[in-house]
Each structure stands twice: as C-alpha cells, then as structure tokens.
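Protein chains: 2
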Amino acid sequence: MNNQSQIAAAAAKDPENFALANCLRALAIDAVNTANSGHPGAPMGMADAATMLFRKHLKFDASAPDWPDRDRFILSNGHASMLLYGLLHLTGYADMTLDQIRNFRQWGSITAGHPEWGHAKGVETTTGPLGQGLATAVGMALAERALAAEFPDLVDHRTWVMHGDGCLQEGIGQEAISLAGHLGLGKLNLLYDDNDITIDGPTSISFSEDIPARLKACGWHVITCDGHDAKALDAAMTAAKAETKRPSLIAMKTTIGFGSPNRAGTAKAHGAPLGEEEGALAKANLGWDSTPFEIPTQLAANWHAIGTRGTDARIAWEAKLAASEHSESFTARVAGHLPETYERAVAMARACLFEKPQTVATRKASQIALEHLTEAIPAMIGGSADLTGSNLTRVPAVDGQFTAENPGRYIGYGVREFGMAAAMNGLALHGGLKPYGGTFLVFSDYARNAIRLASLMGLGVTYVMTHDSIGLGEDGPTHQPVEHLASLRAIPNLNVFRPADAIETLEAWDIAVRSEGTPSLLALSRQDVPQLRQAGSENLTRCGAYIIREFGKERDITLLATGTEVSLAVEAAEILQAEGYASAVVSMPCWELFDAQPETYREEVLGSAPRIAVEAASAFGWTRYVDREADVIGMPGFGASAPAERLYAEFGITTEAIVARAKTVIAK
Amino acid sequence: MNNQSQIAAAAAKDPENFALANCLRALAIDAVNTANSGHPGAPMGMADAATMLFRKHLKFDASAPDWPDRDRFILSNGHASMLLYGLLHLTGYADMTLDQIRNFRQWGSITAGHPEWGHAKGVETTTGPLGQGLATAVGMALAERALAAEFPDLVDHRTWVMHGDGCLQEGIGQEAISLAGHLGLGKLNLLYDDNDITIDGPTSISFSEDIPARLKACGWHVITCDGHDAKALDAAMTAAKAETKRPSLIAMKTTIGFGSPNRAGTAKAHGAPLGEEEGALAKANLGWDSTPFEIPTQLAANWHAIGTRGTDARIAWEAKLAASEHSESFTARVAGHLPETYERAVAMARACLFEKPQTVATRKASQIALEHLTEAIPAMIGGSADLTGSNLTRVPAVDGQFTAENPGRYIGYGVREFGMAAAMNGLALHGGLKPYGGTFLVFSDYARNAIRLASLMGLGVTYVMTHDSIGLGEDGPTHQPVEHLASLRAIPNLNVFRPADAIETLEAWDIAVRSEGTPSLLALSRQDVPQLRQAGSENLTRCGAYIIREFGKERDITLLATGTEVSLAVEAAEILQAEGYASAVVSMPCWELFDAQPETYREEVLGSAPRIAVEAASAFGWTRYVDREADVIGMPGFGASAPAERLYAEFGITTEAIVARAKTVIAK
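Top line first, the protein sequences correspond to chains B and U. Under our numbering, think of the first position of the first sequence as 1, with each following residue one higher. Under our numbering, think of the first position of the second sequence as 1, with each following residue one higher.
Hints were generated in silico from the structure; no laboratory data involved. Fair warning: this is a prediction, and the values are worked out from it, not measured in the lab. Among the clues, some could well be false.
[What the hints assert, rightly or not] Heads up, simulated DSSO-like pairs for lysine-lysine below, C-alpha to C-alpha not over 27 Å straight-line:
no.: 1; chain 1: B; residue 1: K216; chain 2: U; residue 2: K668
no.: 2; chain 1: B; residue 1: K364; chain 2: U; residue 2: K268
no.: 3; chain 1: U; residue 1: K364; chain 2: B; residue 2: K216
no.: 4; chain 1: U; residue 1: K268; chain 2: B; residue 2: K216
no.: 5; chain 1: B; residue 1: K245; chain 2: U; residue 2: K216
no.: 6; chain 1: U; residue 1: K668; chain 2: B; residue 2: K268
no.: 7; chain 1: B; residue 1: K668; chain 2: U; residue 2: K668
Kindly produce the complete structure, drawing on both the sequences and the hints.
Structure (structure tokens):
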C-alpha cells in the first residue's frame with residue numbers, strides 16, 4: 001500500500017482516532033525538528049495505537065498521576081519519547097506544558113532525549129537501553145499480582161508496554177517474555193511496533209524470527225493486527241484485556257514515520273529530524289494545517305477529555321480506599337513506610353548476634369538478617385536467579401513460591417540475572433514492595449545496566465551478591481569476582497557494601513531497607529568469618545568506615561580492609577602489636593557512605609600514619625585512600641581454580657603478607 | 001521410567017555406547033568426589049550423547065588438537081567440565097593425563113572447575129558463565145562460513161555445542177539462537193541437555209517454554225530424541241549433519257545424574273559430589289566395577305581408537321593443504337600473521353593524516369583508520385550491534401554484508417551487544433579472523449561479561465565503542481557513559497584506549513590489530529576534536545601516555561587528560577603560559593600500556609610538579625596519578641539531556657575550569 005492510500009485507509013477507519021493521532025505526529029515532528037535531534041519515526045508509526053490505548057483502554061487520570069491503581073504505561077523503545085511526552089501534554093498532565101515540549105532535549109527541561117523517571121509525571125520508568133522497559137514492566141506486573149492478592153479490593157490494574165524490534169532482539173527481552181509467560185502474568189500486554197526497520201536498515205539484515213510463534217512458544221496469547229487500523233487496534237486491546245491467564249502480545253504491523261512521503265517505511269525516519277521541508281510535506285500528507293506546536297482547539301479539547309476519562313473511577317477508588325479495612329496499611333505500604341515494629345526487629349536481630357556470636361559466611365549472616373527483616377517488613381519480596389541455595393535468599397517469611405495462582409513472596413527468576421534486576425526495578429517503581437534478589441557477584445556483569453538504571457533512578461532495591469572473591473574457590477576465574485567491587489563502586493549513587501561479619505551484614509541490610517533514593521548491593525562471602533563486633537547499639541556501617549580495632553596509642557600504621565579480609569587485618573595488627581607496632585584496623589564496608597561523612601570524621605578514621613589496604617580484589621580505586629596500588633594487598637589479575645585457602649595463600653592475601661607490607665611501609 | 005529400567009534400556013539399545021559412556025560417568029563421579037567439589041549430574045546425563053558424538057560424528061584427531069579443519073566442540077554448560085576432561089583424557093589428548101583428572105579443580109592443574117581455554121588442548125573456549133558458550137559457538141560457525149568461502153578447499157567443518165536449560169534461559173542464548181537462525185548457519189548443531197532440572201529445583205519453577213517451537217520460530221531445524229538412546233542420538237546427529245541451510249537443535253530428553261539411584265532426576269545431582277556411598281551405588285547400578293579412576297583395558301582401547309578415528313582424514317587434509325594454492329596464505333592467516341603490506345599501509349595512513357590533518361570525531365578517525373587497515377588485513381571482519389552509521393564501522397573493504405550465501409566481511413549483529421561480543425570471541429578463537437564490533441560505550445554494560453572472558457582468555461578482539469561521554473549530547477544520561485572507563489580499566493588484561501585525535505586513534509588501532517594476548521577497547525567520541533599531532537613516525541600511544549605539549553621548562557603543573565579533553569587541556573596550558581605558568585600536557589590514551597612502562601619513563605612523563613586530570617567521566621581510579629579526586633575535572637554523577645556544548649559548560653568541564661583548578665593547585 002502506498003503512502004496516500006495507507007493514510008486514507010487509516011483516516012477512513014476511524015476519523016476521530018486518526019485526527020487525534022495526528023496531534024501526536026505533529027508534535028513529534030515539531031519537537032524533533034526544533035531540537036534538531038531525536039527520533040520522529042517511531043512516534044509517528046505508533047501514534048494510532050497509542051491514541052486508541054489512551055482513548056479507550058488505559059486506566060488513568062491525568063489529574064492524578066500517582067493514583068496507585070492506575071494502569072502502568074511503559075514506552076520500552078524510549079527513543080520514541082516524543083510519543084509519550086505528546087500523550088502526557090495532550091491529556092493534560094500538569095507538568096507537561098507546551099514549553100516543555102518546545103524544550104525537548106534541552107538543559108533543564110523534563111523532556112529528556114529518553115524518558116527519565118522522576119522528571120515528568122506519567123513517565124513510569126526510565127527507558128532507552130533496549131529491552132529493559134519490557135523487563136521492568138514484568139516487575140510491575142509482578143507487583144500488581146502480589147499486591148492484588150494482598151489487597152484484593154484495592155489493586156486491579158494492567159501494565160501496557162510499547163516496544164519495537166530492538167527490545168525483542170535484546171536477550172533481556174526474551175528473559176522477560178519467558179518469565180512473564182511462565183508466571184502467566186495475564187495483565188501484562190505488549191504492543192509491538194512491528195515496523196520492519198532498525199537503525200541499520202530493514203530488520204531483514206539481522207532479524208527474521210516469527211515473533212508471534214516465539215511468544216506462543218513462551219506461553220503468550222498473541223494477536224496480530226494493522227497498527228494503523230483503529231478498529232482493529234480497539235478489538236485487539238479488548239481481546240488482550242479479556243485474556244486473564246496469559247500475557248498478551250499485540251503485534252501491530254506499522255509504518256515507521258507514517259505520513260512522511262519520502263521517509264516513511266525507511267531507516268531514515270528512525271533517528272534524524274525530518275527537517276522543515278519533509279516535516280511540512282508529512283503534515284500536508286496527513287491533512288494537518290496548523291502552525292508548529294499548535295493543536296486545533298477541538299482536538300485539544302477531545303484530548304483533554306481523554307485525560308479525565310478516568311477521573312470518576314479514580315474518585316470512586318479513593319472512596320473505596322477510605323472505606324477499606326486496609327486503608328491505613330495500604331497507604332503506608334505505597335508510601336514506602338517501614339512498619340513500626342521494624343526498629344524492634346532489627347534491635348532484636350542485633351541482640352541475638354551479640355548473645356550468640358556467629359562465625360559464618362556473610363551470605364549466611366545475610367540469611368540470618370533476612371529472617372528477622374522479612375518477618376518485620378511485609379513489603380519485602382525476595383528471589384534469586386536460580387542460586388537460592390547459594391545466595392541464601394529464601395527465609396521462612398518469604399518462603400512462598402510466587403505463582404500466578406498463589407503469589408508468594410519468593411520469585412524464582414530462573415537463570416536470568418539481567419531480567420531479574422530489571423524486574424526488581426519494576427517492583428520498586430510500582431510501589432508497595434521492597435525487592436531484593438540474589439546471584440553471584442561475578443554475574444553482576446550480566447545485570448549491570450539494570451543496576452545502573454536503578455542507580456540513575458534512585459530506587460530502593462537490594463542486590464544480594466554472594467561468592468564475592470576468590471574465596472569461592474574451585475569454580476575458578478569465570479566465577480571469581482576481581483574487578484567487580486571497583487566497577488560497581490564507580491557507578492554513581494550505588495551503595496556497595498562488603499561487610500566484615502554478621503553484625504556489619506545486619507547493619508548493611510538495615511541501611512538497605514531504609515534507603516529510598518539509593519540502591520544497595522551486598523557483596524557477601526562464601527567462606528566463614530569470625531564475628532568481630534561483640535557489643536554496641538550503634539550502626540557503625542552507616543559511617544561507611546570506622547576503627548574496628550586499635551592497638552596502641554600513636555598509630556605506626558593504619559590497616560584498611562573490607563569484608564572477609566578485615567579479620568585478616570585484625571590478626572596482622574595483633575602480630576604487629578606483639579612486635580611493638582601500634583596500629584588501627586579500619587573496616588570499610590561502604591566507601592560511598594564513608595565519603596559522605598564530614599571531613600573531620602574521615603580524617604580521624606584514616607589517621608595520619610601510613611596506610612595499607614587489604615581486599616581480595618583488584619586494587620583499582622584504592623588510591624583514594626592509600627598512596628599507591630602497591631600498598632594494596634589484593635588481586636593482581638584473574639583468579640584460579642583451587643580450594644579457597646590455597647588461593648589466598650598463592651595470591652599472597654595472608655596475615656603474613658599484611659605484616660610484611662606494613663613493616664615495609666612503616667620503615668619508609 | 002524408573003532408574004533400573006532406564007539403565008537397562010540404554011544398555012540394550014547400544015551396549016558399546018553405554019559401556020563407553022559409563023567411563024565418562026565413572027570419571028565424573030570419581031573426580032568430583034576426590035575434589036569434594038564439582039558437578040557430577042550433567043556429565044552423567046550427557047555421557048551417552050557425548051559418547052555418540054565423539055564416536056561417530058565429531059571430526060577430530062586427539063593427536064592433533066590444533067588441526068584447523070577440526071570440528072569445534074563447545075561445552076556451554078561449563079560446570080559439566082568433567083564430561084569434557086573425561087572425553088579428552090579417554091580419547092588420548094596428550095596433556096589430559098590421569099593425574100590431571102585426579103587433580104580436578106586443584107591449584108596448577110589444567111582441569112579447572114570450569115573449562116579454561118589455554119589450559120588444556122581440546123578446550124575450545126572458556127565456559128561457565130551461561131549462554132556464552134552458545135554465543136561463542138555462533139562466532140565459530142560464522143568464522144567457518146567466512147573462511148570456507150575464502151578457502152573452499154581447506155575449510156569445511158561443523159560446530160557442536162552441548163548446553164543445558166541455563167543457556168536457554170539467559171538472554172544471550174536467545175541472541176545467539178536468533179542470529180544463527182537468521183544467518184542460516186547450517187553447520188551449527190546444538191545438543192540440548194533437556195533434563196528438567198536447574199539449581200533451584202525442577203525447571204517448572206521458572207521455565208516452561210516449548211523450546212523446539214521457540215527455535216523453529218527462529219528458523220532452526222529441530223529434532224527431539226531420548227538422550228540415553230544411542231541409536232536415536234546417532235540418527236539425530238546424522239539428520240543434523242544432513243541439514244545444511246538451517247542450524248540444528250537436537251533436544252535430548254535426559255536424566256541428570258543418570259545412574260545415581262537416589263539423586264538421578266533431582267537438583268541434588270547438580271552441583272554437589274555424590275559422595276562415596278551414592279557414588280558406589282551409582283556405579284553398581286550402571287554395572288561398573290572398576291576401582292576409582294580405573295578404566296577397563298578394552299574400554300580404554302576403544303576410547304583411544306575413537307581418538308584416532310580422524311587421523312587419516314587429518315593427514316589427508318594436511319596433504320591437501322600442502323598442495324593447495326592457498327597453502328601459504330591460509331597458514332599465515334591461521335597463525336594470525338599480519339600481511340607484509342601492513343606496515344606500509346599504516347605508514348601511509350599516518351602520512352595522509354599529517355599531510356591533511358583531520359578535525360573530526362575520533363569515531364570518524366577510527367573509520368579513516370579502518371579504511372586503511374581493513375584493506376591491508378584480509379583477516380579483519382567487522383560489524384556493529386545495529387549502530388553502523390553511528391559507530392562508523394563499515395568501510396569499503398568490509399562492505400559486503402555477511403549472509404549464508406555470500407559471507408561478506410561485515411556482520412549485522414542486530415541489537416544484540418552481548419551476543420556480538422561473545423560471537424567475536426568465537427571468531428577470534430576459531431583462528432584466521434580478526435574481529436571488531438561496534439556499539440555505544442554505555443552499552444559495553446550489556447556485553448560486559450563477554451569482554452571479561454575475552455580478557456581472561458587474552459583474545460585479540462577490538463571493541464569500537466563510540467559516543468564515549470556526555471559529548472553525545474541530547475540522548476541523555478541513559479546513553480552517556482560516566483563510570484564506564486573506570487569500570488573497564490578495572491578489568492585485568494584489557495587495553496582501554498581513549499584517543500585524543502586522529503593520530504592517536506590510528507595508533508590505537510595499530511596496537512589493537514597487532515595485539516595477540518590482550519583485547520582492545522576503543523572509546524571514541526561523537527564530537528569533533530582537532531588533530532593535535534602533526535608529525536613524527538613513532539607510535540606514541542604504545543607508551544600509553546606521553547607529553548603531547550610542553551610550555552616552559554620547569555613545570556609548575558602537569559595536566560593529564562584523555563580523549564576529547566586533551567585539546568581542552570592544551571588550550572588551558574596555553575592560557576596558563578600566557579599568565580606565566582609552565583606546564584606539560586600529558587595525553588594518556590591507554591593507562592594499561594603506560595603502567596607497563598619502565599618507572600623512569602613514567603616518572604619523566606608524570607613529572608614532579610603537582611598534577612590535575614581532565615576526563616569527562618567519573619574520577620574513580622584517577623587517584624593512581626593525582627593526589628585526590630578533587631584534582632580531577634570530571635563528572636560528579638550521571639549526565640543529562642542537552643546539546644553537548646551545554647553539558648560541558650554545565651558540568652564544568654571547560655578550559656576555564658582547568659585553568660582555575662591548576663592555579664589553585666599551584667598555589668598550594
């Protein structure tokens with residue numbers, strides 16, 4: 001079908017939908033042209049479907065963007081951001097003014113190149129890195145299912161995702177699809193912008209799957225339709241809502257850059273402005289004769305009416321909430337408040353450890369902490385990427401396996417680290433839940449960009465990353481983290497904890513569950529460590545680093561260490577004391593928190609004596625605290641396969657090595 | 001079917017295959033028990049299939065492990081390493097002695113917990129991180145196809161992969177499957193160990209796909225069979241070999257821990273030793289009555305005969321090679337030698353830049369370098385994860401799109417960064433090709449664990465990672481690398497280059513294509529930079545860092561910088577000179593190479609004056625060269641969406657800021 005007849009067909013099918021969609025197309029053309037940067041093609045191609053979704057199917061109220069029972073709408077192909085901004089503006093989200101649209105992609109605007117959560121209301125998650133919007137949406141659908149079971153009178157909404165080919169090519173897309181199909185997330189609906197184009201050209205260059213068949217194989221309900229036929233879209237969305245046992249895919253055949261006479265259906269429409277001339281031709285083609293950024297009055301009014309379509313329902317829901325027996329608990333949960341009993345629970349957990357000190361691996365200490373915390377905090381929802389018995393993430397209060405019929409508090413994510421981390425973002429973004437999930441620290445690599453997005457958004461998620469060094473032993477270098485602590489510490493706004501014992505592990509957990517604007521990553525050991533802390537009610541981990549032992553008054557040396565190496569440093573300090581040297585051992589469970597302390601505190605902890613550091617990892621970054629990397633007793637490169645004790649000895653991470661290095665440094 | 005009858009059925013179908021397979025099972029039981037660590041279940045379950053593969057189908061010669069035209073055998077579920085070690089030992093690979101088997105997972109042995117490339121012959125790639133063996137195998141199959149087109153008389157072999165559920169749950173598995181199906185890699189065969197078990201328990205916890213249907217949807221030829229029925233396996237492998245247009249999946253229904261009376265078919269067989277008692281019971285069950293590590297003489301002889309099954313074919317191939325018109329060129333290619341014309345080509349490229357200096361983005365400079373290099377080096381094979389026009393990775397000599405019919409030198413990897421990086425590992429491991437591939441630097445996150453494996457193996461692959469800072473502008477923080485340089489520099493044995501201009505970019509490429517034991521990552525700009533270097537024949541980038549400008553004799557300050565910020569530092573130094581301050585500007589395109597220089601050189605370059613650093617990225621790690629992170633003019637956190645110039649100004653990465661900081665430091 002050529003351009004003209006395709007346009008005529010779309011207009012004839014549903015003139016109202018077509019006219020409303022043209023508002024989105026025109027805004028996308030104008031904003032991208034004005035910014036001279038952006039992606040007009042996808043908004044123009046998906047406008048008809050987005051219009052139908054907002055017009056008739058999405059449950060929302062533009063005047064109450066935070067309504068907890070709203071449907072979630074995720075634009076997984078985030079480069080199509082002008083579609084979302086256009087929808088928010090036209091439906092009347094208060095912050096999405098025309099000025100913001102005019103300042104698309106400019107400094108200080110809320111209309112970033114890719115949708116950024118926390119900038120504009122109605123942006124449910126940050127998208128752009130492909131595939132992740134889809135996987136994050138799975139987390140939102142999981143959250144809905146979990147909360148609907150807990151608050152059946154108050155939670156009943158859907159998660160709608162728009163995405164393109166890129167989200168399906170990325171492996172994480174399949175992880176999300178597979179998990180959603182397995183769990184039968186019937187309220188998750190994908191709208192697939194099947195336009196046959198990626199950046200490099202036609203999808204035929206690199207992609208020739210039968211997508212409906214792939215999704216059917218993963219347990220999905222699949223519908224195909226013409227993405228410019230409003231009636232077909234309406235029917236498809238109705239069918240998707242009617243299916244309750246399986247997630248639904250609506251594969252919409254679309255034309256990228258729909259309306260543009262010379263670029264529609266080509267990769268040229270994807271990532272470059274149409275420009276004045278082609279923009280004008282496209283508008284003429286679509287029968288659009290307003291000035292740039294101008295929306296005809298009647299269409300603007302009709303769009304505004306769409307924005308308030310859900311107001312009555314929202315008001316009714318609020319009345320239901322007010323009358324509900326769950327009113328208080330639901331509101332507290334959505335607000336992210338910890339239960340009043342929490343303080344007592346964490347104090348109790350601490351008291352137990354002081355009463356009966358634990359010489360255990362810090363992963364085991366984490367399990368002990370979780371036993372107390374998950375009991376006290378109903379919002380906590382756990383899981384692991386198929387390493388439950390290793391991560392020790394499953395404890396009695398969250399023991400129920402999450403299934404569609406019976407959404408327990410433990411999610412079997414399968415061998416899908418990236419999908420897990422992105423789903424955790426969705427669980428956190430949804431509100432009402434505090435997700436944590438486990439894998440081996442080395443496989444933080446697989447999940448890395450989702451951890452980055454959690455940090456960028458500032459979500460209170462917690463990663464339980466065990467087997468944190470060569471201490472894991474025989475599995476060898478593919479499984480032994482070396483550079484991971486450094487590479488994670490380099491991510492802005494991520495608290496990386498490497499606790500030294502059971503107390504620090506509990507303290508790290510305590511900080512993690514309270515954290516609202518920063519995700520937490522716990523790097524935990526496979527091997528046992530003694531409990532170094534024996535008393536005291538203060539959470540010292542909150543300072544990031546502190547003097548855990550002091551031998552003598554005027555320090556000859558300061559020994560910095562983290563995690564399993566703190567006890568080695570303490571042993572070394574004892575030997576040094578016997579040989580007449582005064583020292584302090586500083587445990588540094590969280591660099592980020594330490595660096596946020598007042599300078600006086602930091603100076604006091606670090607001292608003025610020479611310093612060396614001990615950490616069974618790359619020395620990279622430690623020069624923040626020591627003079628040179630040679631002063632770090634760590635890993636010079638990758639690990640090896642052997643029992644852990646042998647590895648520590650062979651790589652020279654021993655008490656003797658610490659003592660020797662300390663003496664060399666003192667002697668200088 | 002219960003244990004006993006299943007064993008009886010397997011034995012009845014093909015007694016010889018069953019008996020040979022029991023050798024593998026017994027060795028796995030014994031080695032894992034002796035190490036008291038490892039995974040017996042998968043080797044026991046896959047032994048029948050592996051035996052049939054080696055007995056009748058795999059083209060190999062244990063006496064010539066490096067035979068270039070051998071079939072490649074990849075154990076993607078690397079935790080089943082004892083299966084591979086058993087096969088290599090039994091078929092007579094010289095280095096895989098019984099002592100090595102006895103020292104499974106011990107310090108200094110070649111029998112690491114997961115197969116490590118370069119340790120034992122016959123281990124074609126390092127595996128363990130799930131899904132990557134499969135994706136690496138796709139790279140090997142790509143290499144075979146490319147070389148078969150170039151050397152049709154000398155290259156004709158297959159790539160066989162064994163894998164379990166984990167490799168299919170990982171997203172990268174789907175990326176590999178999708179790409180292989182799209183490209184019709186008919187000589188790629190998967191043997192899927194479909195045993196219904198993952199670490200956390202039955203796959204039904206998290207995985208319920210119809211795998212045959214998923215792979216058919218991706219264009220695969222699919223066969224299902226009983227994985228303990230040798231005749232069915234034989235027929236399936238024969239059918240897989242007969243299919244030439246599509247890759248083949250053989251989905252083998254197997255029992256994990258086959259033979260173990262109390263653990264077969266359960267997660268308990270997966271990752272823990274059977275122990276003495278259960279091991280003995282399993283052996284009795286299988287009718288195995290030898291002592292630990294003992295192989296009955298006749299079976300040992302039969303296995304050895306399998307190991308030399310391919311000797312005649314290999315000798316015939318060598319004769320063909322000797323007689324071939326391609327003999328010399330093929331041998332040189334496989335050895336990884338650069339053509340003699342190469343030196344001239346790189347000198348010419350340099351001369352062109354000096355004659356006509358280029359003010360271009362370093363990604364553009366990379367394209368210019370590639371034009372020369374790909375012309376001179378036929379082994380280079382390029383590609384991009386759907387960002388060709390942004391990465392500028394496609395140049396005339398590699399312009400041919402890779403298809404099954406016509407394997408050109410440019411691979412459209414699609415939006416699959418992780419799959420691309422793993423496939424590049426396979427291309428490099430295969431021999432005969434030098435792969436490079438492009439994406440945005442920020443998406444190195446997606447590919448990260450494959451980059452790690454390349455570093456661990458020491459492969460000569462090159463990553464072309466463009467849009468290396470906030471300089472990419474409007475796309476915003478999801479697309480702006482901040483922590484990526486630091487996090488990549490933390491990976492051992494990876495050369496991270498951030499060239500300052502067209503000459504350094506060429507030099508980095510020159511080092512990359514010569515590098516045999518270290519992968520190279522080029523972080524390249526979107527925005528233009530002036531060409532700072534105007535003359536000289538020496539590759540200064542090889543030193544990692546060097547004085548690019550010196551103003552005055554006795555330095556008051558040293559300005560360290562990389563990439564696009566070097567020209568800013570030069571401008572700042574000029575201003576400082578005008579104000580009476582002497583300085584040196586040090587360009588540091590590659591920290592790793594600089595740190596490998598002699599101390600005298602390093603001291604000379606860094607000087608004794610105070611130092612500050614400039615890099616539009618996280619300051620993390622820079623304290624290796626400067627006193628404190630406050631002396632780094634960099635990024636304090638994530639970026640933002642706006643035009644690049646605005647971002648540089650807002651984040652204070654400007655000439656003025658450098659001058660001001662320099663003066664503050666000098667004044668101290």
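Could you grab the alpha-carbon distance between K668 of chain U and K268 of chain B and see if it respects the 27 Å cut-off? 55 Å, violated
K364 of chain B paired with K268 of chain U [C-alpha distance capped at 27 Å]: 20 Å, holds
Checking one constraint from the list: CA of K216 of chain B to CA of K668 of chain U, max 27 Å. Satisfied? Not OK: K216 of chain B and K668 of chain U at ~68 Å, beyond 27 Å, violated.
Run the distance test for K364 of chain U versus K216 of chain B: straight-line Cα separation, threshold 27 Å. Not OK: K364 of chain U and K216 of chain B at ~43 Å, beyond 27 Å, violated.
Between K268 of chain U and K216 of chain B, does the CA-CA distance stay at or below 27 Å? 32 Å, violated
Straight-line Cα separation of K668 of chain B and K668 of chain U no greater than 27 Å? Holds, because 25 Å separates the two Cα atoms, which is no more than 27 Å.
Given the hinted pair K245 of chain B and K216 of chain U, is their Cα-Cα distance within 27 Å? 24 Å, holds
Hint compliance for this structure: hints 1, 3, 4 and 6 are not met, and every other hint is.
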